[in-house]
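Trainee: Model the full structure from these sequences, guided by the hints.
Positions 15 to 170 (this note's numbering) are the ones given, in order, by the sequence shown.
It should be emphasised that the hints constitute simulated quantities derived from the structure, not laboratory data. There could be a bad hint or two in this list.
[What the hints assert, rightly or not] Okay, the calculated beta carbon distance ranges per label pair:
id : residue 1 : residue 2 : range
1  : P54       : R167      : 21 to 29 Å
2  : T151      : E114      : 16 to 24 Å
3  : L99       : G128      : 38 to 46 Å
4  : T84       : K27       : 26 to 34 Å
Note that the coordinates shown come from a computational prediction; the quantities given were computed from them, not determined experimentally. Backbone N, C-alpha and C define an ideal beta-carbon position, used for all residues, glycine too.
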Amino acid sequence: GVRPQETTMRPPKDPTLAAPSTVKWWSCPGVLYFLGVGDPIVAVKIGMLAITENLTLQTAVARRVGQMQTSNHEPIQILGLMSFLDCNYPTRTAETKERELHIKYAQQARFKAGTKGSEWFNSSVDLLEEIRAISVTPEALGIPRCYASIYSRSEA
15 GVRPQETTMR
25 PPKDPTLAAP
35 STVKWWSCPG
45 VLYFLGVGDP
55 IVAVKIGMLA
65 ITENLTLQTA
75 VARRVGQMQT
85 SNHEPIQILG
95 LMSFLDCNYP
105 TRTAETKERE
115 LHIKYAQQAR
125 FKAGTKGSEW
135 FNSSVDLLEE
145 IRAISVTPEA
155 LGIPRCYASI
165 YSRSEA
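Mentor: In structure tokens form, the structure reads like this:
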């Protein structure tokens, strides 16, 4: 059946109808990120962020992934990144692409639409192939693939 997410998720509102603070945020460079958990990857997060004032791509990604890693017992890997820089509203464009992918992969959603965690999807060959096709590796942008290191008892 069709999940509610497929029919209720809409593109961001028109910039001419948005509040000035929203338009300012949409004008920041945007990044769509793909994170994976598990070995092999069992879950994928499709998310986006704005690179706001005083942040670089590297610091914005490190901050976001670091926050998530702190709350996760499994190492989080950055599978790919898509930068949105050269358009009128880069963050809005990233948000639109994020929503398109959430709708496309709604059947693989791990959590109910509109709830915390709804950006996480069950991994699949199709999803991982699409990530490889539309994004660049974190290493290509000078960003580590993973910010965590598994503790080894032999290091104690």
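Trainee: If a hint holds in the structure, say so; if it does not, say that too.
Mentor: Status of the hints after comparison with the structure:
A C-beta distance of roughly 24 Å is found between P54 and R167, which places it inside the suggested range of 21 to 29 Å. Checked against the hint of 16 to 24 Å, the C-beta distance between T151 and E114 comes to roughly 22 Å, which is consistent with it. Distance hint check for L99 and G128: the Cβ-Cβ separation is about 30 Å, which falls outside the suggested range of 38 to 46 Å. For the pair T84 and K27, the supplied restraint of 26 to 34 Å holds, since their beta-carbon distance comes to about 32 Å.
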